[in-house]
Amino acid sequence: MAELDDWRKRIDEIDEQILKLLVERAKLARQIAFIKQQNDLPLYHPEREGAIFARLKSIPHDPLPDQAIKSIFREILSACRALMRPPRVAFLGPLHSFSHLACEEHFGSFVEPLPQRTIHDVFRETERGNADFGIVPAENIAEGPVGDTLDALLQTPLKIVAEILLEVNHCLLSKAQSLSEIKRVYSREIALAQCKQWLSINLPQAELIPVSSTAEGAERASKEPDAAAVAPRRAADAYGLQVLAERIQDVPFNLTRFWVLGKRLTAPSGVDKTTIAFSVPHRPGTLYQALSAFARHNINLTMIASRPARHAPWEYVFFVDFQGHIQDEPVQAALSELGKECLFLRVLGSYPEAVEVL
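If you read the sequence shown in the working numbering, its first letter stands for residue 1, the second for the next number, and so on.
Hints listed in this document are in silico derivations from the structure and should not be mistaken for laboratory results. Keep in mind that the hints are not guaranteed to be accurate.
[What the hints assert, rightly or not] If you anchor each label on the Cβ, the simulated ranges turn out as follows:
1) 68 <-> 30: 24 to 30 Å
2) 178 <-> 251: 24 to 30 Å
3) 23 <-> 247: 38 to 44 Å
4) 54 <-> 109: 20 to 26 Å
5) 36 <-> 68: 47 to 53 Å
6) 43 <-> 151: 45 to 51 Å
7) 298 <-> 13: 51 to 57 Å
8) 343 <-> 225: 53 to 59 Å
9) 180 <-> 67: 38 to 44 Å
10) 109 <-> 11: 20 to 26 Å
11) 196 <-> 343: 34 to 40 Å
Ideal Cβ positions, reconstructed from N, Cα and C, are used throughout, including at glycine.
Take the sequences, apply the hints, and build the full model.
Structure below.
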């Protein structure tokens, strides 16, 4: 036992050293924040934080896994960032939704969460300055791009400043004791769609009722003994529900991509992605000619989607993600050529490419 006490004493000494270094780091971070405020610079730099994580992971840290290093330093960065004022972040609520989880995984715990009822509310609150940042779902691996988000991007001055990749595991939550008791299932429409095969096999008797978010579904299910919700596991504790089934999504590895919205363009990080929107004349070959600009400059496209143009029937707006930053010379050259083929062209944001699933 004496040997165990010696090891514990050593750990206590190390903890004290860590705390002293954290205090020193916090003081430096606060001084940097003052300088940023005086020069009207943003307090949050996604490209800088990405570089910090990459540098730390390159330093040997066995036996700690990469995810542990990122989780620890995410909270350190979050706490230091909040010394001036915790960032206000709007997302599709209520609390405990997948958007809320994406917020915490990206910004850490030291934020002021501002849950909203709809995606358009997230845009509005961020545009008005009531939120410093907004988080909206962009794309799901099974259901594709989120139309409400794409439509709202065309109407806003906000920019995409970061992206988040989140593994979404849906659970069936209820106050019921068995599946046979369930008559209604609440969730966001896209979440119900992601679980439609499981629901049709296991709950053929249940009515599927879309609501504004998975967390709202859990909230409603908590008030009805014969109802259930498709929602994150964390919502079970928040709303006093049982987990009747886990990982009920039809695609086992279910990823959702979220965009972080802000008012300033993000500087290059070295590993970036850009999102644009454009339309072309309704003639044969115009889309091919427009997209050829990327091939000529060796730029890789990572997403192509279309949405109906509201001003004319059967006209479409195209959304494209590609690797590279708006300040890169090949990107500037490609966009210059693309612009000559387009009726309109708009850069929606350049931001660090998310390479890790949270």
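A quick look at each hint next to the structure:
Checking the proposed 24 to 30 Å range against residue 68 and residue 30 shows it holds: the Cβ atoms sit about 26 Å from each other. With their beta carbons about 26 Å apart, residue 178 and residue 251 fall inside the hinted range of 24 to 30 Å. At roughly 42 Å, the beta carbons of residue 23 and residue 247 sit within the given window of 38 to 44 Å. Take residue 54 and residue 109: their Cβ atoms lie about 22 Å apart, and the range 20 to 26 Å holds.
Between residue 36 and residue 68 the C-beta distance comes to about 29 Å, which lies outside the given range of 47 to 53 Å. Look at residue 43 against residue 151: about 30 Å separates their beta carbons, and that is not inside 45 to 51 Å. Between residue 298 and residue 13 the beta carbon distance is about 54 Å. The supplied range of 51 to 57 Å therefore holds. The beta-carbon spacing between residue 343 and residue 225, approximately 55 Å, falls within the hinted interval of 53 to 59 Å.
The hinted range of 38 to 44 Å is satisfied by residue 180 and residue 67, whose Cβ atoms lie roughly 39 Å apart. Between residue 109 and residue 11 the beta carbons are some 24 Å apart, a value that agrees with the proposed interval 20 to 26 Å. Range check, residue 196 to residue 343: about 37 Å between beta-carbon atoms, so the 34 to 40 Å window is met.
Violated hints, in rising order: 5 and 6; the structure is consistent with all others.
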